[in-house]
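Just so you know, the protein sequences line up as chains C and P, in that order. Each residue of the first sequence is one higher than the last, beginning at 378 in this note's numbering. Each residue of the second sequence is one higher than the last, beginning at 3 in this note's numbering.
Please note that the accuracy of each hint is not assured.
Stated by the list, open to error - Below are the BS3-like pairs computed for lysine-lysine, each with C-alpha atoms no more than 27 angstroms apart in a straight line:
#1 C/Lys403 x P/Lys148
#2 C/Lys386 x C/Lys607
#3 C/Lys419 x C/Lys403
#4 P/Lys148 x C/Lys651
#5 C/Lys386 x C/Lys462
#6 P/Lys148 x C/Lys401
#7 C/Lys419 x C/Lys510
#8 C/Lys386 x C/Lys403
#9 C/Lys419 x C/Lys607
#10 C/Lys624 x P/Lys192
#11 C/Lys409 x C/Lys624
#12 P/Lys148 x C/Lys510
#13 P/Lys231 x C/Lys607
#14 C/Lys487 x C/Lys510
#15 P/Lys192 x P/Lys148
#16 C/Lys487 x C/Lys517
#17 C/Lys403 x C/Lys624
#18 C/Lys409 x C/Lys607
For the record, the hints were derived by calculation from the structure and aren't laboratory data.
So the chains spell out like this:
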Amino acid sequence: MTDYVVEGKGLTQDYYVSGGMFGKAKTVRAVKGIDFAVERGKTLAIVGESGSGKSTLARIVALIDHQSGGTLTIEGHEVDIARHKPDHVLRSKVQMVFQNPYGSLNPRQKVGDVLTEPLLLNTKLSARERREKAEAMLVKVGLGAEHYNRYPHMFSGGQRQRIAIARALMLNPTLLVLDEPVSALDLSVQAQVLNLLADLQDEFSLTYVFISHDLSVVRYIADDVLVMNKGECVEQASRDEIFSAPKHPYTQMLFAATPVTDVEAIRARVAHRKALRAGAGA
Amino acid sequence: MALLTIRNLTVAFATASGSFRAVDGIDLSVDPREVLAIVGESGSGKSVSMLAVMGLLPDTATVTADEMTFDGHDLLHMTGAERRRIIGREITMIFQEPIASLNPSFTVGFQIEEVLRLNMGLSRHAARARAIELFTAVGIPEPAVKIHAYPHQMSGGQCQRVMIAIAIASNPRLLIADEPTTALDVTIQKQILDLLMELQERHGMALIMITHDMGVVAETADRVIVQYKGHKMEEADVLSLFEAPSHPYTRALLAALPENATGDRLPTVSDFFGQEGVQ
Numbered sequence: 378m379t380d381y382v383v384e385g386k387g388l389t390q391d392y393y394v395s396g397g398m399f400g401k402a403k404t405v406r407a408v409k410g411i412d413f414a415v416e417r418g419k420t421l422a423i424v425g426e427s428g429s430g431k432s433t434l435a436r437i438v439a440l441i442d443h444q445s446g447g448t449l450t451i452e453g454h455e456v457d458i459a460r461h462k463p464d465h466v467l468r469s470k471v472q473m474v475f476q477n478p479y480g481s482l483n484p485r486q487k488v489g490d491v492l493t494e495p496l497l498l499n500t501k502l503s504a505r506e507r508r509e510k511a512e513a514m515l516v517k518v519g520l521g522a523e524h525y526n527r528y529p530h531m532f533s534g535g536q537r538q539r540i541a542i543a544r545a546l547m548l549n550p551t552l553l554v555l556d557e558p559v560s561a562l563d564l565s566v567q568a569q570v571l572n573l574l575a576d577l578q579d580e581f582s583l584t585y586v587f588i589s590h591d592l593s594v595v596r597y598i599a600d601d602v603l604v605m606n607k608g609e610c611v612e613q614a615s616r617d618e619i620f621s622a623p624k625h626p627y628t629q630m631l632f633a634a635t636p637v638t639d640v641e642a643i644r645a646r647v648a649h650r651k652a653l654r655a656g657a658g659a
Numbered sequence: 003m004a005l006l007t008i009r010n011l012t013v014a015f016a017t018a019s020g021s022f023r024a025v026d027g028i029d030l031s032v033d034p035r036e037v038l039a040i041v042g043e044s045g046s047g048k049s050v051s052m053l054a055v056m057g058l059l060p061d062t063a064t065v066t067a068d069e070m071t072f073d074g075h076d077l078l079h080m081t082g083a084e085r086r087r088i089i090g091r092e093i094t095m096i097f098q099e100p101i102a103s104l105n106p107s108f109t110v111g112f113q114i115e116e117v118l119r120l121n122m123g124l125s126r127h128a129a130r131a132r133a134i135e136l137f138t139a140v141g142i143p144e145p146a147v148k149i150h151a152y153p154h155q156m157s158g159g160q161c162q163r164v165m166i167a168i169a170i171a172s173n174p175r176l177l178i179a180d181e182p183t184t185a186l187d188v189t190i191q192k193q194i195l196d197l198l199m200e201l202q203e204r205h206g207m208a209l210i211m212i213t214h215d216m217g218v219v220a221e222t223a224d225r226v227i228v229q230y231k232g233h234k235m236e237e238a239d240v241l242s243l244f245e246a247p248s249h250p251y252t253r254a255l256l257a258a259l260p261e262n263a264t265g266d267r268l269p270t271v272s273d274f275f276g277q278e279g280v281q
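All chains should be built: construct the whole structure from the sequences, respecting the hints.
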């Protein structure tokens with residue numbers, strides 16, 4: 378039997394929009410019945426544009442929001458956070474990293490406190506053990522133990538994202554939900570953070586649900602890809618299948634819109650422009 | 003003759019810990035009808051040098067240059083009135099956050115008509131007609147209706163189209179686009195880039211494209227300047243830059259593109275600087 382860490386069946390999410398003083402209230406279905414499953418140690422990438430419902434789905438998987446319909450299974454146990462509040466064990470299993478490392482860290486909280494807070498809430502470790510774990514984790518994500526007493530504003534965007542990843546890893550999770558973790562970062566910093574995520578996945582056999590709109594990043598990190606458009610899953614396949622032969626027109630459109638840095642394509646574009654100019658000049 | 007010429011531009015900011023040079027000795031020039039891309043990561047000074055041209059820097063900034071001329075006019079030593087005849091008419095600029103660039107309290111129609119009336123001296127009636135024409139040119143559906151919309155009623159892509167319409171309203175000879183598509187989805191990015199290139203070709207304006215995205219460079223530029231920490235690393239035409247990048251930093255930027263990944267790891271800039279002993 379395949380060992381699925383997380384499985385979703387027919388997941389839906391409705392948002393209630395009040396109609397104001399005169400209009401009628403209505404419900405918006407942001408996620409319209411998504412099925413997926415992720416094996417242990419693998420990465421599922423969820424791709425889509427803004428408004429596709431990919432972040433809404435991420436929040437369901439990360440046990441932040443309760444789904445309106447469908448079932449969510451984590452390590453074989455069905456989870457319904459509306460009926461049973463997640464306990465420490467479940468909270469430790471699933472952690473999330475957000476897009477904006479400037480918004481997801483409290484500016485008044487020292488890095489050490491950021492990292493030890495999950496331990497304080499979910500474990501019975503002593504203050505000293507918590508500190509040791511936090512310092513070890515800082516080293517693991519490529520920072521240093523001396524950063525323990527610093528504040529978030531003293532760090533660059535890439536370093537902050539490392540802190541956010543360290544915080545997510547403090548409780549030894551099995552599943553990490555990453556919501557656009559590198560899209561706010563510079564290209565070279567993005568490469569470092571992607572390398573770090575790949576290393577950590579190998580070391581702790583982590584399972585990733587990776588939300589992104591950038592197909593080139595997805596190609597690098599994902600094992601399976603789920604393409605979403607307007608709350609629906611339009612295509613789901615292995616990375617190699619999607620990248621070699623996208624079937625759905627929407628997926629093909631996403632590929633067509635992604636800029637190409639291929640030398641031949643640039644040569645063709647430059648030649649085309651030259652021809653246009655010669656035509657205009659004549 | 004070059005349209006915009008900058009020689010030895012330095013921009014220093016007065017900070018609590020002394021003066022900080024964001025841009026240090028940059029030379030650049032743009033020819034008429036040329037698309038120049040300035041590439042760099044955050045902190046490379048790519049936006050600051052263009053803000054210096056526009057005169058949009060705060061008082062804490064000190065701008066010095068051996069030469070800064072636009073079409074023969076000296077931008078460094080001119081009066082406010084002379085500057086206003088060039089900036090906003092001959093040289094216009096669009097920014098990264100289209101929704102933040104527009105005033106939320108006025109309709110988009112009012113904001114473009116204001117430019118047309120003040121800069122072009124059009125009457126209220128003529129301005130309205132021209133605004134609808136410009137909205138059509140930048141591909142806003144139902145321009146006569148959208149002209150009454152407020153920025154929050156439009157999507158990010160449409161707001162960027164409005165910004166572009168405002169920027170080309172005065173038929174500028176140089177348009178500076180500062181990360182025009184960074185806040186947008188890939189499909190919308192493609193549409194906006196195609197629109198900018200089409201307008202550039204049709205109006206024969208020069209375009210400076212500030213970006214950190216090598217993909218955007220590959221899709222738009224004629225010539226490229228690579229900047230790092232306020233210094234110019236490399237300048238080349240787009241084809242030779244991608245075919246044979248001469249500076250290690252450029253090679254690092256290209257190698258860090260996830261689609262160029264070979265093997266399990268992405269090379270990072272520090273790998274390259276370490277290997278080749280460059281600081």
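- Under the criterion that the straight-line Cα-Cα distance not exceed 27 angstroms, is the pair C/Lys386, C/Lys462 satisfied? holds (20 angstroms)
- Message: Between the alpha carbons of P/Lys231 and C/Lys607, is the straight-line distance 27 angstroms or under?
- Response: This hinted pair is violated, its Cα atoms lying about 41 angstroms apart.
- Given the hint that C/Lys487 pairs with C/Lys517, test it: the Cα-Cα distance must not exceed 27 angstroms. holds (18 angstroms)
- Given the proposed pairing of P/Lys148 with C/Lys401, does the C-alpha separation stay at or below 27 angstroms? At roughly 25 angstroms apart (the allowed maximum being 27 angstroms), C/Lys401 and P/Lys148 satisfy the hint.
- Item | Pair hint outcome, C/Lys409 versus C/Lys624 [Cα-Cα no greater than 27 angstroms] | Holds - the C-alpha atoms of C/Lys624 and C/Lys409 are around 20 angstroms apart, at most 27 angstroms.
- Item | C/Lys386 paired with C/Lys403 [C-alpha distance capped at 27 angstroms] | holds (25 angstroms)
- Holds or violated: C/Lys386 to C/Lys607, with C-alpha atoms at most 27 angstroms apart: holds (18 angstroms)
- Assess, step by step, whether the Cα of P/Lys148 is no farther than 27 angstroms from the Cα of C/Lys510, and give holds or violated. violated (57 angstroms)
- Message: So if I understand the rule, the pair passes when the alpha-carbon distance is 27 angstroms or less; does C/Lys403 with P/Lys148 pass?
- Response: holds (25 angstroms)
- Query: Does the structure keep C/Lys487 and C/Lys510 at a Cα separation of 27 angstroms or less?
  - Reply: holds (15 angstroms)
- Message: Checking one constraint from the list: CA of P/Lys192 to CA of P/Lys148, max 27 angstroms. Satisfied?
- Response: holds (22 angstroms)
- Restraint status (C-alpha distance of C/Lys419 to C/Lys510 at most 27 angstroms): Holds: C/Lys419 and C/Lys510 sit about 26 angstroms apart, inside 27 angstroms.
In the structure shown, a violation is registered for the earlier hints numbered 3, 4, 12, 13, 17, in ascending order.
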